[in-house]
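*Asks:* When the letters of the sequence shown are read in order and numbered with the working numbering, they come out as residues 15 to 454.
No lab work stands behind these hints: they were computed from the structure. The model shown is predicted, which means the values in this text are computed figures rather than measured ones. One should not assume that every hint holds.
Estimated spans, in silico, between C-beta atoms of each pair [said to hold, decoys possible]:
{"no.": "1", "residue 1": "Gln130", "residue 2": "Gly176", "range": "50 to 58 Å"}
{"no.": "2", "residue 1": "Gly100", "residue 2": "Arg268", "range": "27 to 35 Å"}
{"no.": "3", "residue 1": "Lys202", "residue 2": "Asn449", "range": "38 to 46 Å"}
{"no.": "4", "residue 1": "Leu311", "residue 2": "Arg335", "range": "24 to 32 Å"}
{"no.": "5", "residue 1": "Phe358", "residue 2": "Asn449", "range": "31 to 39 Å"}
All C-beta atoms in this analysis are idealised placements derived from N, C-alpha and C, irrespective of residue type, glycine included.
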Amino acid sequence: MSQFRKQHMPIAWHEIIENENPIPAIEASLKEKATLVGRVGLMMLSVGTGAWRVRASMNKIARALGITCTADIGLLAIAYTCIENGETYTNAISINTTGVNTDKLRYLEDFTDGFQERAGRYSVEQFHQILDKFQALPPNYKAWNLGLASALACCAFTFLLGGGAVEMICAFFGAGIGNFVRKLLLEKHITLLANVTVGVASACCVYVLLLEIAEMLMGVSSVHQAGYICSMLFIIPGFPLITGGIDLAKLDLRSGLERITYALLIIIMATLTGWITATIFNFHPSEFTEIEINPALMLVLRLVTSFCGVYGFSLMFNSPRKMAVTAGIIGMIVNTLRLELIDFTSIPVSTAAFIGTFCAGLLASALKKKVGFPRITLTVPSIVIMVPGMFMYKGIYYMALSDVQTGALWLTKALLIVVALPLGLIFARILTDKNFRQSS
15 MSQFRKQHMP IAWHEIIENE NPIPAIEASL KEKATLVGRV GLMMLSVGTG AWRVRASMNK
75 IARALGITCT ADIGLLAIAY TCIENGETYT NAISINTTGV NTDKLRYLED FTDGFQERAG
135 RYSVEQFHQI LDKFQALPPN YKAWNLGLAS ALACCAFTFL LGGGAVEMIC AFFGAGIGNF
195 VRKLLLEKHI TLLANVTVGV ASACCVYVLL LEIAEMLMGV SSVHQAGYIC SMLFIIPGFP
255 LITGGIDLAK LDLRSGLERI TYALLIIIMA TLTGWITATI FNFHPSEFTE IEINPALMLV
315 LRLVTSFCGV YGFSLMFNSP RKMAVTAGII GMIVNTLRLE LIDFTSIPVS TAAFIGTFCA
375 GLLASALKKK VGFPRITLTV PSIVIMVPGM FMYKGIYYMA LSDVQTGALW LTKALLIVVA
435 LPLGLIFARI LTDKNFRQSS
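When you get a sec, could you build the whole thing from the sequences and use the hints?
*Replies:* Dropping the structure here:
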């Protein structure tokens with residue numbers, strides 16, 4: 015059997031370095047300086063952050079080294095030019111896939127923030143050695159940890175969407191096993207569409223199996239098929255959807271469109287897999303049965319489940335537990351606010367989503383200096399729970415059944431909310447960040 019060859023060849027950064035003498039980085043050649051700028055940008059890109067933040071990090075390194083940098087940034091590739099004393103160095107580099115790693119993002123931001131004071135003391139080789147350590151950092155959690163995290167998140171999500179105890183239990187096990195399977199496939203570098211399909215199918219099959227067993231042994235009603243969709247919501251790509259919207263707002267059109275296209279690929283494949291699985295098992299997910307709960311108790315339960323949902327999603331993004339707790343507190347407040355506005359006022363669902371994300375941005379900005387975490391590691395995880403995964407699924411579900419009118423209605427509702435989510439963060443950032451507010 016032939017040996018597997020990587021489609022994307024790794025870059026030997028250390029071989030580009032010309033000077034073996036440990037001279038400070040600010041005295042290195044333009045090519046060596048440019049390798050640092052490019053590598054930092056590529057590593058920032060690999061952890062899932064948007065083009066604006068990637069460019070900001072590259073600019074910090076370039077300014078500290080006394081050079082000018084201009085970059086064109088996409089989802090997986092960067093083309094950049096560095097300029098010094100009339101000399102130019104242009105490079106085009108790429109990564110093989112994307113993901114989200116908020117812990118590594120924090121280390122990289124700390125690296126770029128402290129780079130200027132060390133640029134006159136550390137050599138290019140020493141900086142690359144530091145980046146080697148960041149690149150080699152293992153994940154904070156194993157596959158079973160991430161399975162539990164997604165189980166907790168989707169279980170909480172089920173309640174927030176209107177589900178009861180039966181739906182929550184089935185979604186807990188379905189999402190947990192589904193994400194566990196997907197994580198194992200990712201560790202084996204199985205391609206995107208395949209790992210999405212198998213992960214979602216596993217989650218859906220477990221939900222169906224558990225509900226069928228409950229129907230046979232305990233006489234549970236088939237009305238609980240409504241929670242089927244919740245078992246697959248761990249796959250909804252909230253991070254690229256939101257960062258893509260932010261990139262579009264900053265006119266990083268290439269990155270924004272590529273991120274949204276990437277998110278749509280996952281959404282379409284996940285929803286089609288869910289629909290096919292439901293068709294095979296003759297499952298007909300419908301609306302949740304309304305549960306009568308005292309408003310005060312509902313408020314408390316929403317606070318608890320919103321925290322659990324955001325905490326679980328944050329762990330799935332490789333956030334350290336303290337970072338996940340901080341994001342969970344923000345999400346607990348803003349998501350409950352959003353749901354209470356929907357219940358007790360006449361404002362549209364998308365407007366409530368905008369208000370919720372706007373408040374999340376303000377809270378993250380206020381907490382950023384105290385907790386020391388990058389703003390994006392708190393804001394995006396705290397609002398991912400607002401991404402309308404169920405609306406997206408229903409839209410595709412009804413489209414597949416040729417009920418175009420109903421499908422278009424659900425997709426329109428989803429689109430309005432998806433647009434509102436990054437807009438809330440964008441306007442909060444405009445108010446609290448002078449650099450983001452300005453166009454240059």
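*Asks:* So, against the hints stated earlier in the document, which numbers end up violated here?
*Replies:* none
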